[in-house]
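**Q** Okay, here's what each chain looks like letter by letter:
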Amino acid sequence: MISSVLAVELAYWQQTTLRVIGGLVAILLPAGGLVYVYLFKMMSFMQSRLGPMEAGPYGSMQLLAEVGKFLQKEDIIPTKADRFVFLGAPFVVLLSTFLLLLVVPFGPDAWFVDLDTGIYFAMAVSSISVIGILMAGWGSSSKYSLLGGIRAAGQLIAYELPMILAVLGVVIQAGTLNMNEIVFAQANGEIFGWGGIGNPYIITQFVGFMLFLVAIQAELTQPPFDMPVAESELVAGYMTEYSGLRFLLFFIGEFATAGVFSAIAAVLFLGGWYVPFLAPEHNLYNVLGPLVLMAKIFGVAGLIFWFRFTYPRFREDQLQRLAWKFLIPIALVNIVATGVLKVVF
Amino acid sequence: MTATTGANERDQLAYIAAKAADSRVNVELETEGMTLNIGPQHPATHGTLRIVARLDGEQVISADPVMGYMHRGYEKLTEVRTYPQVTTLINRIDWLGSFANEVPFILAAEKLMEVEAPPRAKWIRTILFEMSRIANNLLGLGDMAAQLGAVTPVFYAFRDREYVLNQVEAVTGGRFHPNFDRIGGLKDDIPAGWIASTKDSMVKMREAADELESLVFGNEIFTARTRGIGIIPAEVALEYGMSGANLRGSGVDWDLRRDAPEGMAYNEADWKVWTHPDGDSYARAWVRLQEMREGTYIVDQLLDSLPSGPVMAKVPRIIKVPEGEAFVETENPLGVMGYYIVSKGDLVPFRVKIRSASFNNIAVVPWVLKGVYVPDIISILASLYFILGDIDR
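Sequences listed follow chains G and E, in order. Note that the working numbering has the first sequence beginning at 1, numbered continuously upward. Note that the working numbering has the second sequence beginning at 1, numbered continuously upward.
I should point out that these hints are in silico values taken from the structure, not numbers from a laboratory. Treat the numbers as computed from the prediction; the structure is a model and nothing was measured. For every residue, glycine included, the Cβ atom is placed at its ideal position computed from N, Cα and C. Among the clues, some could well be false.
Beta-carbon label-pair distances, calculated as ranges [to be verified]:
1. E:K199 / G:S48: 22 to 28 Å
2. E:N37 / G:E66: 26 to 32 Å
3. G:F277 / E:E207: 25 to 31 Å
4. G:S48 / E:P277: 56 to 62 Å
5. E:K199 / G:M61: 44 to 50 Å
6. E:L77 / G:I128: 54 to 60 Å
7. E:L77 / G:E74: 52 to 58 Å
8. E:D200 / G:M61: 47 to 53 Å
9. E:E220 / G:F277: 39 to 45 Å
If you only want the chain E side, here are some residues facing chain G, beta carbon under 8 Å, derived [what the hints assert, rightly or not]:
10. A145
11. Y156
12. A224
13. R225
Only part of the chain E face toward chain G is listed, based on derived beta-carbon distances under 8 Å [to be verified]:
14. R159
15. I231
16. P233
17. L303
18. L306
19. Y373
20. I378
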């Protein structure tokens, strides 16, 4: 990707190194930003307090302090834990996040993999985190963890479906599964013949956008869908027995996944790296695109975290009822309407 | 002949083997119930309450509260303390509404000594009593929202409670443990300017109540989690000796502030006892919210009609309570609290029996938790609103 931007020939190892660095930056930068801006600061302001203020200016170094704290902590493994399952679980969860990132385009030529089945791939690999969470729930040999893990499995499977169905509307409208093509389709789109701002699908697929937001809220196990980690019932759900580095991995996974899902939502509904009044073929996008996408990630994630800090949580059966009886029928109607309108226009 | 017998035997053996395999499978498939120990160390129990819940999946088969992890022996400790010293101790029973703990004890002692507090003392007593109710109910509601997973309301509750605690501190010198009530009156009069600032803080409390009502009670998820959950019918509530907002949430119109106002000034204010017919978690929380709001009106009215005069009746310097027995109950923030004092005419009480509200309110837990889901354990416990110190004493 970078070789095509810089128009220089790089050796294989150089490209690979750049890709690894790029991947880490693309995962950790939004994750750290989200933790600081939303978890530390926005939550504090909503709760009429200041949040961290001591570490660095306005507490901006607090995250480093937290990471340092977690790295120093002892990595406790319960005696009766299923050792390998327990140790491997956080990595499986993080793996799903990294795989999700693969297909997200950051600019017309800035991507890790340009898959023709991009969004299909993303929906598929997002389910891998369920396996990690189930592993954590089972491997901990703790009742709270087990309850949390089973809850998470049921919840994540139930909410895959509305998420995929919400995405289908976009796919029908764009006529492609390739995520970069979806961005181009939005950038080159027209609203009733007026192509000034392109056609971000949030306008035509507003229902789909709302469904997608609800579904990723559930996929991220954030309130109001945080029963798997419900801290007032299950202590910390499937994370109860984890400490130190492994807890940190779960924590990074949670926020990094929030960032990546926000990125996918931005690509699908907000035009991805595209900004109006700058032709999408412009080469400047390979530098500007990541910044634009970052801004859009923060916009979508702002909504996610706003809900998170405001709502109480559902009960497990109420959550299932919401998914199967409410979200999925709406998503199906949305698909039918999109299909009909696609034919009509 | 033999061949058929052999075939029969083979069939029989195969049949037996199949049955045995079948039963093995059945034994393997038979799921056992899981026993989940909620507590004594658990984020939802605000202390050390333990609930032994036997679960079938997420459904509760039975739940038994195990109490006593925080038993501090207050009834015994009061026997080695003089009457004025006892109030320091019993402040700590319901630590969120401390002043209210002192009142029934002092009233019982006054009853034995046959002294009566002057009107001004009664008024201020009632005002502080209501203020501890306001602070307590506000925190209870915020905490209930926190138990249901909403992280924000509890911070608003803590923030707004300070307005009340500041006023309590201005009078008594103690935010949490005032130790202000005396046999025959109060330690001090109110400071200058306190009436105006208290009225301001009461306006703030009404705003806090409105905010909570729209933020928590107006939330669809909150209503879905509490409406029709943990229903306690009036008869059951009465059988288990529940009291306070929990009883009134079941539709029983019983409030000692109205029904037995001796020693307090509740009759001087125009107020209403709130009840809710539903008896579910929502009803209990709703009654608590209304009582908090009603409390601000009571405080306002009593501040307007505050009589002048001394705050202390004539009592001897060294208090010896004459021989006798007295039992006084008051309507504390968590429910009915009573002290049964047996005096042998000594400096110290001979025996004190404390009837605290939470102990009886929590007794209904095995009945009400049967058949609910695990998340509802927490929401029902939060709606019953107990303080650990009030259970274990």
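**Q** If a hint holds in the structure, say so; if it doesn't, say that too.
**A** Here is how each hint holds up against the structure:
{"no.": "1", "hint": "E:K199 / G:S48: 22 to 28 Å", "verdict": "holds, 23 Å"}
{"no.": "2", "hint": "E:N37 / G:E66: 26 to 32 Å", "verdict": "holds, 31 Å"}
{"no.": "3", "hint": "G:F277 / E:E207: 25 to 31 Å", "verdict": "violated, 46 Å"}
{"no.": "4", "hint": "G:S48 / E:P277: 56 to 62 Å", "verdict": "violated, 36 Å"}
{"no.": "5", "hint": "E:K199 / G:M61: 44 to 50 Å", "verdict": "holds, 45 Å"}
{"no.": "6", "hint": "E:L77 / G:I128: 54 to 60 Å", "verdict": "holds, 59 Å"}
{"no.": "7", "hint": "E:L77 / G:E74: 52 to 58 Å", "verdict": "violated, 40 Å"}
{"no.": "8", "hint": "E:D200 / G:M61: 47 to 53 Å", "verdict": "violated, 40 Å"}
{"no.": "9", "hint": "E:E220 / G:F277: 39 to 45 Å", "verdict": "holds, 41 Å"}
{"no.": "10", "hint": "A145", "verdict": "holds, 6 Å"}
{"no.": "11", "hint": "Y156", "verdict": "holds, 7 Å"}
{"no.": "12", "hint": "A224", "verdict": "holds, 6 Å"}
{"no.": "13", "hint": "R225", "verdict": "holds, 6 Å"}
{"no.": "14", "hint": "R159", "verdict": "holds, 5 Å"}
{"no.": "15", "hint": "I231", "verdict": "violated, 16 Å"}
{"no.": "16", "hint": "P233", "verdict": "violated, 22 Å"}
{"no.": "17", "hint": "L303", "verdict": "violated, 28 Å"}
{"no.": "18", "hint": "L306", "verdict": "violated, 33 Å"}
{"no.": "19", "hint": "Y373", "verdict": "holds, 6 Å"}
{"no.": "20", "hint": "I378", "verdict": "holds, 5 Å"}
Of the numbered hints listed earlier, those contradicted by the structure are 3, 4, 7, 8, 15, 16, 17, 18.
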